[in-house]
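**Q** What follows is each chain in one-letter form.
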Amino acid sequence: MSWLDKIIGKKPTKDEDLWVSCKKCKEQIYVSELEDNLKVCPKCEYHFRLDARQRIQMLIDPESFIEHDQNLTSPDPLKFKDTKKYKERMRATIKKNQTNDAIIAGSGVMEGISVELAVFDFSFMGGSMGSVVGEKITRSIERAIENHVPIIIVSCSGGARMQEGIFSLMQMAKTSSALQKLSEKKIPYISILTDPTMGGVSASFSMLGDIILAEPGALIGFAGPRVIEQTIKQKLPKGFQRAEFQLEHGLIDDVVHRKDMKSTLVRLLNMLQNTPQEEPKEEEKIPKLTNPPEVLGA
Amino acid sequence: MVQILEFEREIFALETQIHDLVSLSNMYDSVGDITDEITKLKKKLRRMKHDVYSNLKGWDKTLVARHPDRPHMLDYIKNIFSDFYELHGDRHGGYGPSIVAGLAKFGDQSVMVVGHQKGREMEEKIARNFGMSQPSGYRKALRLMRMAEKFSMPVITFIDTPGAYPGVDAEEKGQSEAIATNMFSMIQMRVPIICVVIGEGGSGGALAIGVGDRILMLEHSVYSVISPEGCASILWEDKNKTGQAADALCLTANHLLKFEVIDQIVREPLGGAHRNHKQAAIRLKKALRTNLAELREIRPDELVRLREEKFRKMGEVVEASA
Ligand SMILES: [Zn+2]
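The listed protein sequences derive, respectively, from chains L and B. Numbered per numbering that gives the first Met the number 0, the first sequence spans residues 0 to 297. Numbered per numbering that gives the first Met the number 0, the second sequence spans residues 0 to 321.
Bound conformation, chain L alone (with noise of 0.2 angstroms):
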């Protein structure tokens, strides 16, 4: 940085941030055209990870989505230390992320369609489930059950979270249950599935949705290729655990381009909530003739 720049506070304009290299192709893209594809490589088409602000903005309507629990978070119930001690690990992420955990949640509209939406935020703590997470999930879906709108569920996560031990793990429970009182209730839920959505996020409500979607390329799984390669002491095939192989393995309904992602939610809901949702009385059941019987048929 030069002194001029450090007396106007300007950022350095290092090569890395005007330029990021696609994971997969390797081709180097500029960082503005990157986002303005919606964080899609323009060449390969590889998906980068989209922090939840930019799912939201990429879904809901403009200025309609009003959030949730924002300030739910944990109290450390087992006052977990490994190296660090949980509550400080927290403390500096809430304070970088912005957000008090890994989940933003809330209500919005989709091209007039009223929704329930959370979106997991993958650099809070990897996207993992702890109590804050199962517990706005389960408000969402109770909200959903309220006001009879549809919810969707956008999972990121590497798994439960290790810090909350077996309150983590009954988060599992807890979202599953909440799910089965929606279905109940005949309430549509779609879930979408990016990269990466992993063990006890993958082995409850997120493999529970109406409907499967996931973008293209994610990682999809209970266990990591590492913990699975360590178990059969194998190399893992090509493409494994990949929304692709998901598909394949008839375990996921479709595989969605982000670019495609909303057209495909309105469209899927649309067909969802044009049902019936009881039976028509008697006198709406007979249409009213006023045209000639023959004119129907033309």
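In short, the hints are calculated from the structure, not lab data.
In silico lysine-lysine, DSBU-like type, Cα no more than 35 angstroms apart, as pairs: (1) L/LYS185 x B/LYS149; (2) B/LYS56 x L/LYS84; (3) B/LYS257 x L/LYS78; (4) B/LYS240 x L/LYS234; (5) L/LYS84 x B/LYS238; (6) B/LYS238 x L/LYS94; (7) B/LYS257 x L/LYS180; (8) B/LYS240 x L/LYS232; (9) B/LYS124 x L/LYS234; (10) B/LYS42 x B/LYS284; (11) L/LYS237 x B/LYS240; (12) B/LYS240 x L/LYS83; (13) B/LYS56 x L/LYS86; (14) L/LYS86 x B/LYS238; (15) B/LYS238 x L/LYS78; (16) L/LYS80 x B/LYS257; (17) L/LYS84 x B/LYS257; (18) L/LYS95 x B/LYS238.
Here the structure of chain L is known, so what remains is to put chain B with the ligand in place on it, guided by the hints.
**A** Below, chain B with the ligand alone, put in the same frame as chain L:
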């Protein structure tokens, strides 16, 4: 060959001493009357066992929970139920040998019993995949729990697994989906469900048969989101830090009762269930009988409502000031 755990060494030394004295006094009259001496030592042994076993830390508990002589699901079945008839298969191409399930008689009542089976001898261990189930095991469990619901039978599950199997085929067949679907389905079953952690409650693989009205834990069993080894290697980046990791994870029955994640601790015979399979089973049987009797009084709608409420409350959050 009995396996001796590190913290049991003193106990074993004393046991050997008592044993030697007894045979000595039986063999030679010249030793004189040492009955008093023996009684004193036996008393000391009891106290020592009690002290050691009531103060076990997380990692020691983990070792007891995994003890090779610890009673497994099939040992409890033998000692608790009559007329157990094992049923097989998930009906979708899977056999699921890591989980045993079937019809059994508990007193005069038919029940569905489901549980992980780790295997005792090497051959059985391999056949059972060390109690690490494939998706087929969980799907078989669900199929049979649904059958229990159909015929209004209570379900009793025995949890004892290092975790769900991490393998290529398990992933291909939807390990995550199998676990998730079990939790999703168990929450609304209209029959009583009692889950007992008898050894190792290993994460999602345990929870896949762990959603019920009553969650019991044997005194020296453990239940955790991750194994101490896994936690140590990730957070400490040192797989030898299992002691610290086990303590930090708060995986003992005492912790989990305090956290209200489980409902009851079933005491084990002095020195652990592995010292006396029969006694361990008798105590568990008693606990099951009481809980089943209570649950049978509750109407199905209410049962489901209470179960939903129970799991809804799991977790600890606070509202921070904005
Ligand atoms: Zn690229």
